[in-house]
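Chains as they are written, first to last, in our numbering: chain C, 1 to 174; chain W, 1001 to 1422.
Just to be clear, a hint being listed does not mean it is correct.
Unchecked claim - Anything over 12 Å on all C-beta distances counts as not near chain C; from chain W, calculated:
{"#": "1", "residue": "K1008"}
{"#": "2", "residue": "A1035"}
{"#": "3", "residue": "T1111"}
{"#": "4", "residue": "F1203"}
{"#": "5", "residue": "D1252"}
{"#": "6", "residue": "P1284"}
{"#": "7", "residue": "A1306"}
Unchecked claim - A short, non-exhaustive set of chain W residues, derived as facing chain C with CB atoms under 7 Å:
{"#": "8", "residue": "R1015"}
{"#": "9", "residue": "G1018"}
{"#": "10", "residue": "D1031"}
{"#": "11", "residue": "L1133"}
{"#": "12", "residue": "L1251"}
To be verified - No more than 30 Å apart at the CA atoms, straight line, and that leaves these computed lysine-lysine pairs for DSS-like:
{"#": "13", "chain 1": "W", "residue 1": "K1304", "chain 2": "W", "residue 2": "K1346"}
{"#": "14", "chain 1": "W", "residue 1": "K1164", "chain 2": "W", "residue 2": "K1130"}
{"#": "15", "chain 1": "C", "residue 1": "K112", "chain 2": "W", "residue 2": "K1185"}
{"#": "16", "chain 1": "W", "residue 1": "K1291", "chain 2": "W", "residue 2": "K1304"}
{"#": "17", "chain 1": "W", "residue 1": "K1130", "chain 2": "W", "residue 2": "K1346"}
{"#": "18", "chain 1": "W", "residue 1": "K1287", "chain 2": "W", "residue 2": "K1242"}
{"#": "19", "chain 1": "W", "residue 1": "K1185", "chain 2": "W", "residue 2": "K1169"}
{"#": "20", "chain 1": "C", "residue 1": "K112", "chain 2": "W", "residue 2": "K1184"}
{"#": "21", "chain 1": "C", "residue 1": "K112", "chain 2": "W", "residue 2": "K1398"}
{"#": "22", "chain 1": "W", "residue 1": "K1398", "chain 2": "W", "residue 2": "K1231"}
{"#": "23", "chain 1": "W", "residue 1": "K1231", "chain 2": "W", "residue 2": "K1221"}
{"#": "24", "chain 1": "C", "residue 1": "K112", "chain 2": "W", "residue 2": "K1291"}
Please keep in mind that the hints were generated in silico from the structure rather than gathered at the bench. In this text, all values refer to a predicted model and were calculated from it rather than measured experimentally. Where a beta carbon is used, it is the ideal one built from N, C-alpha and C, also for glycine.
So the chains spell out like this:
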Amino acid sequence: MDDPERRFTDLYDRHYRNVLAYALLRVGPGGAEDLASETFLVAWRRLADVPDPPLPWLLGVTRNLVRNQRFRRSRGDELVARLAELAELTGFVEGDVAERVAARQEALAVLKGMRDRDVEALILSSWYGLTPAEAAHVVGCSARTFSVRLFRARRRLTEALRPNPPFALFREQT
Amino acid sequence: MNEHDPLKELIGTLRPDGFTADAYERRRSADLARAMRSPHEPHRLWRFSMPKRGRPLLALAGTAVAGLAAAVIVVPQVISDGSPANGASARGAVAAPGSTANPAASDPAATPRAANGRAVLLAAAKVAAKEPLGEGAYWYSRVRTSRLITDLPVIDAEFEALRKEYFAKLDDPDADRAEVEALKKRYLAAVAEARRRQRDVPFTAGLQEVTETWRSMRGDKDREVSGQDVKVTFASRADEAKWRELGSPRLDDGRRPKTWEGRPKTFPSMSNQGLTWADLRELPTDKQRLKDRLRSLYEVSQAKAAGRDLTRYLWDTGADLLVAPITPGTRAALYRVLADSASGLKAQTGVQDAMGRSGIALETPGAKEDGERGGEVTHRMIFDAASGRILQIETLEKGVPIPLWRQTFEVSGYVDRLGEVA
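Chain C extracted, bound-state conformation (with noise of 0.2 Å):
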């Protein structure tokens, strides 16, 4: 039936994880559950408002959540920072297979030194598969912007995979 309380926890249960792996992003882990959780009481208020495809719709509350002060950022705003923070934690909680964990630090060093919003174009599309137009609407930006953004942080990634690769893309573990 298409009752709201239903609605709601469906909506909870395909996106919970989805909305806290992008707040994980913005604020530092202790506030990021909260943050997760205020996200969904905003969603839940506003039910009859939440389109379809949701989760563009839901990132970007969670995102002006942010902006409106009501969450502390943490230990500076460096978003590969917290990427590797973020890693290690995941890596404990799903018990380091040792594939993952050097994919992980391969990934954690091409990124480094890109600019923010360039690492955050290139999760927006890669961890949730975004169209440039969906996360657009995440991040405030026009699509034309974000697919400038993408293809920027495509392009240095691509080149610091190729030449001369700091580590392969999936080593063989010795």
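Use these hints to put chain W onto chain C, whose structure you have.
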């Protein structure tokens, strides 16, 4: 980007899946409960969907039913007398002329018998058409909702304190490394324990509550009082004993009576947000015209967007409308529409609802949808053979003695004032 995009895969390895899956398990029940304790107000959409063609009810009240409107209590269309013993706020249900007496009482030996779904629906259409056209300032309903408990509360104060301490340390650049490592170990052990507890709910129980709603038919404020008569019911004594063994954890999500007033709160059917409360009285009373209207609503519905087929849509939307303030003519037409798509429906006579009222059940097998818990499910509605009114709607899972979800429509009908019960 193609399927095997190495850059995408590389960045994908940084997605903290383990972390988020863990948080999801821990936070789910508290997050859902917290959100649902607060009201949701979809007024933005109303800006677009409030029809210009106005408020037909006022016109109706002024003409055709002027005689009825003059009564102090306007003919309450009571489905059935809603057992005052249940009523936290019911000050005695008023049985209206034309409403049915408790059919269970006159039919104590009722036993379920298979019936022809199409014939049953056509019979329901006939009786529904004869019901009087109600009128009143508010559509009142008293609904008991029951759901299967699938999660145990796992976030206790101790766990929360540990989590806060650990995350604060993580956010602190000057924290001692060894201390952080030690905290991390404790935290992850607590997470593992919480997840283990949450996954196996070793008993079968349901959570019930009563919600009373006054839906204004004239554009005034609605009122909703939820969280009344909150009850946990166990499938058996053995289930209750298992719960006690666990130390009797609290299962009611902290729900307590909560009154919400405002307008407008909801849509009659969540899947059809182009359809407002005001539209309900104007729905066609002719089968073909109603079918056409439902088909066009389906085209723009969230059900279609979610990949549900027309048959499933008709069932869901049909149930939404049958419990809403539609006219007897529309109700009859709706039963005829459902009869036309009844090939997959099973019917049973002599079935009782949760209040012991006897009725006719219609069942359709439910496809398991992504995100829906459980295995093989059945959607079922029970209606009163004498009036065609819906008594109960539920989703049952094979082998589970408590319904996954159930709404029992204890009382509904038109009343004149907020707070007045039908």
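query: For this structure, which hints from the list above don't hold up?
result: 1, 2, 7, 11, 12, 14, 18, 21, 24
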